[in-house]
Amino acid sequence: MRKITRVDERCRNVATFRHVCVQLMETTARWTPTTPEMEAKVMFGRHIWDFAQMADALGKRTFELRQPEHYTLRPVDAYDALLKEAAAAESTAERIATIYDGVLPGFIERCRAYVAATDAILDEPSITIIERMIREMERQRKEAAELQSELKLGKGNAAAIAARERTIGNIVAEGVQA
Amino acid sequence: MSELGYYQVEGITLRETPAREACFKVVYRDADAMEFGNMSEIARREMIHRHMTNEMTSVEMAAACVAEFPDAPWELRMELARQAYDEARHVQVLYRRLKELGGHKGEFPISTLEWNMTCAVDNLPGRIAIQNRTLEAGAMDVMGGLSLVLRKVGDPDTADILDGINNDEVSHVRFANRWIKRLAQQDRRVLMKMASAIRFLQDANSKFQIKEGGEVNAVGVALASPENRIPAVNVEHRKLAEFTDEEINEILRQAGYRTIVSAEAGA
Numbered sequence: 001m002r003k004i005t006r007v008d009e010r011c012r013n014v015a016t017f018r019h020v021c022v023q024l025m026e027t028t029a030r031w032t033p034t035t036p037e038m039e040a041k042v043m044f045g046r047h048i049w050d051f052a053q054m055a056d057a058l059g060k061r062t063f064e065l066r067q068p069e070h071y072t073l074r075p076v077d078a079y080d081a082l083l084k085e086a087a088a089a090e091s092t093a094e095r096i097a098t099i100y101d102g103v104l105p106g107f108i109e110r111c112r113a114y115v116a117a118t119d120a121i122l123d124e125p126s127i128t129i130i131e132r133m134i135r136e137m138e139r140q141r142k143e144a145a146e147l148q149s150e151l152k153l154g155k156g157n158a159a160a161i162a163a164r165e166r167t168i169g170n171i172v173a174e175g176v177q178a
Numbered sequence: 001m002s003e004l005g006y007y008q009v010e011g012i013t014l015r016e017t018p019a020r021e022a023c024f025k026v027v028y029r030d031a032d033a034m035e036f037g038n039m040s041e042i043a044r045r046e047m048i049h050r051h052m053t054n055e056m057t058s059v060e061m062a063a064a065c066v067a068e069f070p071d072a073p074w075e076l077r078m079e080l081a082r083q084a085y086d087e088a089r090h091v092q093v094l095y096r097r098l099k100e101l102g103g104h105k106g107e108f109p110i111s112t113l114e115w116n117m118t119c120a121v122d123n124l125p126g127r128i129a130i131q132n133r134t135l136e137a138g139a140m141d142v143m144g145g146l147s148l149v150l151r152k153v154g155d156p157d158t159a160d161i162l163d164g165i166n167n168d169e170v171s172h173v174r175f176a177n178r179w180i181k182r183l184a185q186q187d188r189r190v191l192m193k194m195a196s197a198i199r200f201l202q203d204a205n206s207k208f209q210i211k212e213g214g215e216v217n218a219v220g221v222a223l224a225s226p227e228n229r230i231p232a233v234n235v236e237h238r239k240l241a242e243f244t245d246e247e248i249n250e251i252l253r254q255a256g257y258r259t260i261v262s263a264e265a266g267a
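Keeping their order, the protein sequence lines are chains F and L. 23 is the number that the numbering used here gives to position 23 of the first sequence; each next residue is one higher, with no gaps. 216 is the number that the numbering used here gives to position 216 of the second sequence; each next residue is one higher, with no gaps.
If you are wondering where the hints come from, they were derived from the structure by calculation, not from laboratory data. Among the hints, a few may not be true.
Straight-line alpha carbon distances no greater than 30 Å define the calculated DSS-like cross-link-like pairs of lysine-lysine that follow [unchecked claim]: (1) L:Lys239 with L:Lys25; (2) L:Lys99 with F:Lys142; (3) L:Lys25 with F:Lys152; (4) L:Lys207 with F:Lys60; (5) F:Lys142 with F:Lys152; (6) L:Lys211 with L:Lys99; (7) L:Lys239 with L:Lys152; (8) L:Lys239 with L:Lys181; (9) L:Lys99 with L:Lys181; (10) L:Lys105 with L:Lys152; (11) L:Lys99 with F:Lys152; (12) F:Lys155 with F:Lys84; (13) L:Lys211 with F:Lys155; (14) L:Lys207 with L:Lys25; (15) L:Lys105 with F:Lys142; (16) F:Lys60 with F:Lys152; (17) L:Lys105 with F:Lys152; (18) F:Lys60 with F:Lys155; (19) F:Lys142 with F:Lys155; (20) F:Lys84 with F:Lys60; (21) L:Lys105 with L:Lys207.
So the derived list for chain L, only partly shown, Cβ under 10 Å to chain F, looks like this [said to hold, decoys possible]: (22) Arg50; (23) Thr53; (24) Gly220.
Built from N, CA and C at the ideal position, the CB exists for glycine as well.
Modelling step: build the complete structure from the supplied sequences, incorporating the hints.
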């Protein structure tokens with residue numbers, strides 16, 4: 001990723017990450033009543049709050065970056081389609097694998113790439129939020145792996161989702177507010 | 001399962017039952033449940049199992065609000081997301097206690113009626129008026145007294161768990177009270193939505209409640225019809241949850257001032 005030097009560019013990245021977190025919050029929320037296993041409901045219930053807090057922190061940061069509070073940008077079409085496809089997973093195994101093994105590893109990498117590309121001092125408040133998000137998402141992945149093991153769930157098409165995720169370049173689109 | 005639709009019961013539209021594991025038998029009436037009405041070991045397991053599965057329904061109701069009302073104010077969505085997290089922890093802690101007492105998932109029949117009724121409502125003020133301001137507030141009233149009884153029969157561990165849960169429920173009721181007031185100040189129609197939701201809850205409940213003259217449940221315990229029950233009112237917790245004095249007096253009047261549970265009694 002090339003260096004991110006402009007304030008508006010930082011804001012577009014943060015606003016796009018916010019969109020992803022809101023989508024993940026809504027997806028896990030939508031799945032909670034329609035997933036039979038109690039332990040999966042418990043995990044989704046916990047992670048709804050994790051994603052909400054991530055989106056909240058990012059949304060407060062957009063205000064510091066010269067946009068309204070909770071300014072949100074839809075990602076490029078390919079990534080938006082990937083999130084929608086992930087949200088359509090039906091079985092418990094597919095749902096958990098799709099999000100935690102398919103989408104999150106790539107999103108974590110995108111967060112890391114942003115941290116490496118932005119100015120470590122000027123944009124330190126964004127970095128603090130995003131590094132915290134990375135730690136939280138890694139914890140979520142660990143919890144999902146434990147649940148997969150406990151419930152003996154397969155990985156479904158997670159590898160295919162992850163592979164497709166890797167083919168998408170920069171997810172930050174120009175301009176359109178979500 | 002991708003989405004939950006609706007179904008009809010005697011002219012009332014309810015939301016379809018959320019997904020449950022095969023080990024759970026879902027019933028819709030207290031008469032089909034197994035509440036033992038005492039504090040024996042099996043009765044306490046049933047009580048914990050019932051609370052655990054009710055909390056599971058609460059996770060689902062809060063989650064559904066997050067998913068189904070994307071245009072709600074962000075701060076309210078945050079409260080609902082936090083509620084989903086709190087209710088998920090409640091499921092976990094009750095499940096831990098259930099296993100400590102030798103119980104297991106699916107040991108007793110469960111109900112999802114709170115979901116079926118609440119999530120049939122198509123607006124967020126109506127949903128939180130039912131789930132938080134009515135059902136959770138009602139649970140808050142009951143739990144203080146229940147903790148006290150558990151301590152008396154020598155089960156302080158379960159009592160401590162219920163106290164901890166009740167602490168969170170106060171927050172859920174309080175945010176609903178605050179948000180309903182705030183939303184109503186912005187748009188008076190919110191009060192109509194809230195009143196309509198509560199009327200719907202009463203109508204829907206009437207289809208499932210114990211019949212006049214009482215009934216006997218699945219374990220042979222006599223259940224009184226609603227008009228012959230003595231409802232608990234936890235005044236201190238209702239104050240913490242920011243019900244007004246006028247609202248508390250009205251609830252006490254409806255309960256006939258027969259039972260007032262103080263915060264100290266539940267501590």
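Structure-based check of all given hints:
1. L:Lys239 with L:Lys25: 37 Å, violated
2. L:Lys99 with F:Lys142: 24 Å, holds
3. L:Lys25 with F:Lys152: Judged against 30 Å, a Cα distance of about 23 Å means the pair holds.
4. L:Lys207 with F:Lys60: The hint is violated at about 47 Å.
5. F:Lys142 with F:Lys152: 15 Å, holds
6. L:Lys211 with L:Lys99: Given that 30 Å is the threshold and the Cα spacing comes to 34 Å, the pair is violated.
7. L:Lys239 with L:Lys152: Distance of about 26 Å is within 30 Å: holds.
8. L:Lys239 with L:Lys181: With a Cα-Cα distance of about 16 Å, the restraint between L:Lys239 and L:Lys181 holds, given a limit of 30 Å.
9. L:Lys99 with L:Lys181: 41 Å, violated
10. L:Lys105 with L:Lys152: 27 Å, holds
11. L:Lys99 with F:Lys152: Holds: L:Lys99 and F:Lys152 sit about 21 Å apart, inside 30 Å.
12. F:Lys155 with F:Lys84: 19 Å, holds
13. L:Lys211 with F:Lys155: Answer violated: L:Lys211 to F:Lys155 is near 49 Å, above 30 Å.
14. L:Lys207 with L:Lys25: At roughly 20 Å apart (the allowed maximum being 30 Å), L:Lys25 and L:Lys207 satisfy the hint.
15. L:Lys105 with F:Lys142: With a Cα-Cα distance of about 24 Å, the restraint between L:Lys105 and F:Lys142 holds, given a limit of 30 Å.
16. F:Lys60 with F:Lys152: Violated, at roughly 39 Å.
17. L:Lys105 with F:Lys152: Given that 30 Å is the threshold and the Cα spacing comes to 18 Å, the pair holds.
18. F:Lys60 with F:Lys155: 35 Å, violated
19. F:Lys142 with F:Lys155: Given pair F:Lys142, F:Lys155 holds - Cα atoms ~14 Å apart, limit 30 Å.
20. F:Lys84 with F:Lys60: 25 Å, holds
21. L:Lys105 with L:Lys207: Satisfied, since the Cα-Cα distance of roughly 28 Å is no more than 30 Å.
22. Arg50: With a minimum Cβ separation of about 14 Å from chain F (threshold 10 Å), the hint on L:Arg50 is violated.
23. Thr53: 8 Å, holds
24. Gly220: Given a least distance of 29 Å, the restraint on L:Gly220 is violated.
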